[in-house]
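Asker: Below, each chain spelled out in residue letters.
4 protein chains.
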Amino acid sequence: MATLGAELELVEEGEVHIALRFSRHLSQQHGFVHAGAITSIVDSACGYAALTQAPAGCEVVTAEFKINLMRPALGERFLAIGKVQSAGKLLTVCTGEVRAYAGTPGTHKLVALMQATIVNVAK
Amino acid sequence: MATLGAELELVEEGEVHIALRFSRHLSQQHGFVHAGAITSIVDSACGYAALTQAPAGCEVVTAEFKINLMRPALGERFLAIGKVQSAGKLLTVCTGEVRAYAGTPGTHKLVALMQATIVNVAK
Amino acid sequence: MATLGAELELVEEGEVHIALRFSRHLSQQHGFVHAGAITSIVDSACGYAALTQAPAGCEVVTAEFKINLMRPALGERFLAIGKVQSAGKLLTVCTGEVRAYAGTPGTHKLVALMQATIVNVAK
Amino acid sequence: MATLGAELELVEEGEVHIALRFSRHLSQQHGFVHAGAITSIVDSACGYAALTQAPAGCEVVTAEFKINLMRPALGERFLAIGKVQSAGKLLTVCTGEVRAYAGTPGTHKLVALMQATIVNVAK
Chain A
1 MATLGAELEL
11 VEEGEVHIAL
21 RFSRHLSQQH
31 GFVHAGAITS
41 IVDSACGYAA
51 LTQAPAGCEV
61 VTAEFKINLM
71 RPALGERFLA
81 IGKVQSAGKL
91 LTVCTGEVRA
101 YAGTPGTHKL
111 VALMQATIVN
121 VAK
Chain B
1 MATLGAELEL
11 VEEGEVHIAL
21 RFSRHLSQQH
31 GFVHAGAITS
41 IVDSACGYAA
51 LTQAPAGCEV
61 VTAEFKINLM
71 RPALGERFLA
81 IGKVQSAGKL
91 LTVCTGEVRA
101 YAGTPGTHKL
111 VALMQATIVN
121 VAK
Chain C
1 MATLGAELEL
11 VEEGEVHIAL
21 RFSRHLSQQH
31 GFVHAGAITS
41 IVDSACGYAA
51 LTQAPAGCEV
61 VTAEFKINLM
71 RPALGERFLA
81 IGKVQSAGKL
91 LTVCTGEVRA
101 YAGTPGTHKL
111 VALMQATIVN
121 VAK
Chain D
1 MATLGAELEL
11 VEEGEVHIAL
21 RFSRHLSQQH
31 GFVHAGAITS
41 IVDSACGYAA
51 LTQAPAGCEV
61 VTAEFKINLM
71 RPALGERFLA
81 IGKVQSAGKL
91 LTVCTGEVRA
101 YAGTPGTHKL
111 VALMQATIVN
121 VAK
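Chains as they are written, first to last, in our numbering: chain A, 1 to 123; chain B, 1 to 123; chain C, 1 to 123; chain D, 1 to 123.
Hints are computed from structural coordinates only; laboratory data are not their basis. The reader is advised that the hints may include incorrect statements.
[Claimed, not checked] A few chain B residues that face chain D, going by a derived Cβ cut-off under 8 Å, partial list only:
1. Val61
2. Glu64
3. Thr117
Backbone N, C-alpha and C fix where the C-beta goes; we use that ideal spot for every residue, glycine too.
Next comes chain A alone, as it looks inside the complex (with noise of 0.2 Å):
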């Protein structure tokens, strides 16, 4: 998270929130921000998220995830959400989405939508 300069901006039970800011480094050269750092983002929304319902002496794992990219990620800034639609003693299931913000206060664009199954690993 570091390296692609994103955010934890909000960490709920069970709701997490990274922002990241637009940059070139992590843009194509269609000024559009790689799918892989989309990804990244709101993979790692979603694990934290996880993370906040894992049973006390647990870690998370995802095991698997799946997602639709719906449109190029074009924006000033990019906001990822993960909720946690299911957490069992074992597997938990988030849904995850990517907003791209840009002109417009108040209006964004779904670039990304992610379901994903997280194991809880003991420490």
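We have chain A already, so just place chains B, C and D on it with the hints.
Answerer: Only chains B, C and D this time, still in chain A's reference frame:
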């Protein structure tokens, strides 16, 4: 849908609900509804939701979906909810969920979660 | 599986084949087999494949899968192949495919492709 | 790819290999390569594989992918293999895997498995 005994319960712009009552012929020896039936109703809900936003003269075909099955489908009644998250000219991305209702009115359990990519195809 | 008329055709360590003959009650108005039936046989093939490598005393439950439906399931006969790609203590990852056979002997078309995560659960 | 230090190792009709050497800046405190880097190389391998079969005048865009991360990416060298499974006019379905090499020559461990849907887009 008819074979399963499922019913369209709500059709709105971008959102479709399909209801399914528990029935013995849909269930396994353990008394819960087969994952196949659960998958079918939420896949259909996503497909119909996409259809509400497809361009005129198009039908829709599911290109792929991912589903998490979070717990056994135990209940008297199941509700599959499909929602359009992003509708392009060509591809529509939907999310879906299946809720199980039993016992206490007004409460449900989340049984399954889907994320699907649906293609608009000229008729 | 019985409801669909599907048959276990091969069970080997880490690989299971399930065959399905075309039947009118499985097909839509366009004459191809429902995606629901195709999904069910390949999901089962993956599940049984995982079971061949599950630890003693465990049964298996599908936590999630993703399926691509590449073309309409047109054919006289369908073969679902499930293979274990990685078997851990807790989670097994399988891939599956469904082949459609029609006309020319020895040739088939790839109808669907699956990637699934299956959990070992103590009985 | 350049940022990661990854290299195209093989480009054939429908199959592409991308190699990545272990490097400290790609790794976490535990000494294994970040899931983000692993995801990026296999996503790229799938995209390039799709490109080898895209119609003339088209470029490719990843619509979605699903990845299973089976074990920590421990190794001296990683190989991402992307393969076209089905190429349509519009959509290409690819599978990908990442192998980790370390110690014993000629042996590897499967680190990740991907299934991706890629869209042909006119340039």
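Asker: Against each hint, give a clear statement of whether it holds in the structure.
Answerer: Here is how each hint holds up against the structure:
1. Val61: Violated. Min distance 10 Å.
2. Glu64: Holds, about 6 Å.
3. Thr117: Given a least distance of 6 Å, the restraint on Thr117 of chain B holds.
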